[in-house]
Amino acid sequence: MTQEYQDGNALAGPLAELFAVDVTAATGRCVSCGDTRRVADLRVYGHALGWVARCPSCEHVMLRLVRAPDAAWIDLQGTLSLRVPLPPA
Amino acid sequence: MGIVSPGFRRRRRDDDVQLPPGQYLTEDFPVLSAGPTPNIPLDRWEFVIASETGQEYRWTWDELQELPAEEPTVDIHCVTKWSKLGTSWRGVSLDLLMEDVETTADYALAHSYGGYTTNLPLEDLLDGKAWIVYEYEGSELAPQHGGPARLLVPHLYFWKSAKWVRGLQLQEFDELGFWESVGYHDYGDPWREQRYAGD
Chain A
1 MTQEYQDGNA LAGPLAELFA VDVTAATGRC VSCGDTRRVA DLRVYGHALG WVARCPSCEH
61 VMLRLVRAPD AAWIDLQGTL SLRVPLPPA
Chain B
90 MGIVSPGFRR RRRDDDVQLP PGQYLTEDFP VLSAGPTPNI PLDRWEFVIA SETGQEYRWT
150 WDELQELPAE EPTVDIHCVT KWSKLGTSWR GVSLDLLMED VETTADYALA HSYGGYTTNL
210 PLEDLLDGKA WIVYEYEGSE LAPQHGGPAR LLVPHLYFWK SAKWVRGLQL QEFDELGFWE
270 SVGYHDYGDP WREQRYAGD
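Sequence order for the protein chains is A and B. So in the working numbering, spot 71 of the first sequence is number 71, and the numbers just go up one at a time. So in the working numbering, spot 28 of the second sequence is number 117, and the numbers just go up one at a time.
Be a bit skeptical, because a hint or two may be false.
[What the hints assert, rightly or not] Footprint (simulated), chain A over chain B, 3 or more residues, beta carbon under 8 Å: (1) 123-136; (2) 258-272.
[As the list claims (entries may be wrong)] A few chain B positions that, by computed beta-carbon distances, are all more than 10 Å from chain A: (3) V120; (4) R147; (5) E152; (6) T169; (7) E188; (8) P210; (9) L211.
The set of hints was computed from the structure by calculation and includes no laboratory data. All C-beta atoms in this analysis are idealised placements derived from N, C-alpha and C, irrespective of residue type, glycine included.
Please take these sequences and the hints and turn them into a complete structure.
Now the structure itself:
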């Protein structure tokens, strides 16, 4: 049986189109259970109409991404904050 | 041997059938899911229609099974561009479930076990256009395809046919559902190719 979900590294390609930094290396806090996880460690359901990334602890939706031919929609209302590692300023 | 073999059957090809614009024909039944497949014990399953005044109409699994069933055979069209023709289902018409529901609502938000939602005008669920189905091609509906029961609204893109359906919230305003709130079309008519917001 096909694996239901992939890990968050599956988001690296589609997110690279929108953001200058590698968002999969960022750490997100789940709005539902408060757990912090690297985006790369989220559970990504990509066999759908878009990418749906869920918290591995409570399965709450932390990120949704839809790619239309001429636009993309991203929803982060399930992510309380995103810590993006950056080189020292 | 005669010119016409009695065993001959004309096979339906892509160019024999009219598909909505941008769709291709598939014989498979692809599984698209936005989350884990919920496990819903039938003794705890229920379907609830909640009106805009807060009144609730409930059916247990056994009560649903006791209602007169219909067996629609319909074409289905997924917004990811596959279409599947002549799919056969068994379930209960929404007309029957809505028969005693008092409402003046114009919209419905379908809710599923697992948290999925999708929005539709209420009139698109009535007049023989929608069912709560629990069998597919003569067998019980498999969990990956929305079992034990799913909404079937075949005249709209298939994301509107919510898997694992557990109820309808009737309301006077249009509240966007799971995919409609991140760019998919509010209505989703495959014949007008309403895939994304603004199409």
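Report task. Say whether it holds or is violated: E152(B) keeps its Cβ farther than 10 Å from all Cβ of chain A. Result -> holds, 30 Å
Requested in this report: Could you let me know if the closest chain A CB is still more than 10 Å away from the CB of P210(B)?
Outcome: holds, 20 Å
Query - Given as non-interface: V120(B), which should sit over 10 Å from chain A by C-beta - result: Per Cβ check, V120(B) is inside 10 Å of chain A; nearest 7 Å; violated.
Query - Nearest-CB test (10 Å) between chain A and L211(B) - result: holds, 23 Å
Query raised in the report: Since E188(B) was said not to touch the interface, does its Cβ keep a gap of more than 10 Å from each Cβ of chain A?
Result: For E188(B), whose nearest Cβ neighbour in chain A is about 33 Å away, the distance exceeds 10 Å, so it holds.
Query raised in the report: For R147(B), is the shortest beta carbon distance to chain A beyond 10 Å?
Result: Label holds. Min Cβ-Cβ 26 Å, cutoff 10 Å.
Requested in this report: Take a quick look at T169(B) and tell me if its Cβ sits farther than 10 Å from every Cβ on chain A, holds or violated.
Outcome: Given that some Cβ of chain A is not farther than 10 Å from that of T169(B), nearest at about 7 Å, it is violated.
Report task. Closer than 8 Å, Cβ to Cβ, for at least three residues: run that test on the segment 123-136 of chain B against chain A and report holds or violated. Result -> The restraint on the segment 123-136 of chain B holds, since 4 of its residues have a Cβ under 8 Å from chain A and three suffice.
Requested in this report: Between the segment 258-272 of chain B and chain A, see if three or more residues pass the 8 Å beta-carbon test, and mark the coverage as holds or violated.
Outcome: Holds, because 4 residues of the segment 258-272 of chain B bring their Cβ atoms closer than 8 Å to Cβ atoms of chain A.
Of the numbered hints stated above, those contradicted by the structure are hints 3, 6, listed in ascending order.
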